[in-house]
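Novice: Using the sequences plus the hints, can you model the full thing?
full-length UniProt numbering applies: residue 1 is where the sequence shown begins, and numbers increase by one.
No lab work stands behind these hints: they were computed from the structure.
Heads up, some of the hints might be wrong.
Below are the SDA-like pairs computed for lysine to any residue, each with C-alpha atoms no more than 20 Å apart in a straight line [claimed, not checked]:
hint : residue 1 : residue 2
1    : Lys31     : Gln60
2    : Lys39     : Phe21
3    : Lys7      : Phe21
4    : Lys39     : Gly56
Label pairs and their computed distance ranges (CB to CB) [unchecked claim]:
hint : residue 1 : residue 2 : range
5    : Asp23     : Asn45     : 39 to 45 Å
6    : Gly11     : Arg43     : 35 to 41 Å
7    : Ile3      : Lys59     : 18 to 24 Å
8    : Gly56     : Thr25     : 25 to 31 Å
9    : Lys7      : Arg46     : 40 to 46 Å
10   : Arg14     : Lys40     : 31 to 37 Å
11   : Pro8      : Leu34     : 33 to 39 Å
12   : Asn45     : Ser17     : 29 to 35 Å
13   : Gln6      : Arg46     : 40 to 46 Å
Cβ atoms here follow ideal geometry from the backbone N, Cα and C, with glycine treated the same way.
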Amino acid sequence: MGIKKQKPITGGMRDSSVDDFSDITTGSPFKPLLAPLTKKGGRNNRGKITVRHRGGGHKQRY
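Specialist: Structure, rendered in structure tokens:
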């Protein structure tokens, strides 16, 4: 398994490294097992904004 070095953006990341998951998978996920994640965007069950500065983001699947 490959190891990916982090760029030292902060002091805690200076000597850190993470797995790059290249040995685990190379393909796309199995489509019938995927379900869409609905975006909340800081809204409650009535649709009113209750937490500011949240929303948008990249489309995600579960």
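Novice: Confirm or reject each hint.
Specialist: Tested hints:
{"no.": "1", "hint": "Lys31 / Gln60", "verdict": "holds (13 Å)"}
{"no.": "2", "hint": "Lys39 / Phe21", "verdict": "violated (27 Å)"}
{"no.": "3", "hint": "Lys7 / Phe21", "verdict": "holds (18 Å)"}
{"no.": "4", "hint": "Lys39 / Gly56", "verdict": "holds (8 Å)"}
{"no.": "5", "hint": "Asp23 / Asn45: 39 to 45 Å", "verdict": "holds (43 Å)"}
{"no.": "6", "hint": "Gly11 / Arg43: 35 to 41 Å", "verdict": "holds (37 Å)"}
{"no.": "7", "hint": "Ile3 / Lys59: 18 to 24 Å", "verdict": "violated (29 Å)"}
{"no.": "8", "hint": "Gly56 / Thr25: 25 to 31 Å", "verdict": "holds (28 Å)"}
{"no.": "9", "hint": "Lys7 / Arg46: 40 to 46 Å", "verdict": "holds (43 Å)"}
{"no.": "10", "hint": "Arg14 / Lys40: 31 to 37 Å", "verdict": "holds (35 Å)"}
{"no.": "11", "hint": "Pro8 / Leu34: 33 to 39 Å", "verdict": "holds (36 Å)"}
{"no.": "12", "hint": "Asn45 / Ser17: 29 to 35 Å", "verdict": "violated (42 Å)"}
{"no.": "13", "hint": "Gln6 / Arg46: 40 to 46 Å", "verdict": "holds (42 Å)"}
Going down the numbered hints, you'll see the structure goes against 2, 7 and 12, while the others check out.
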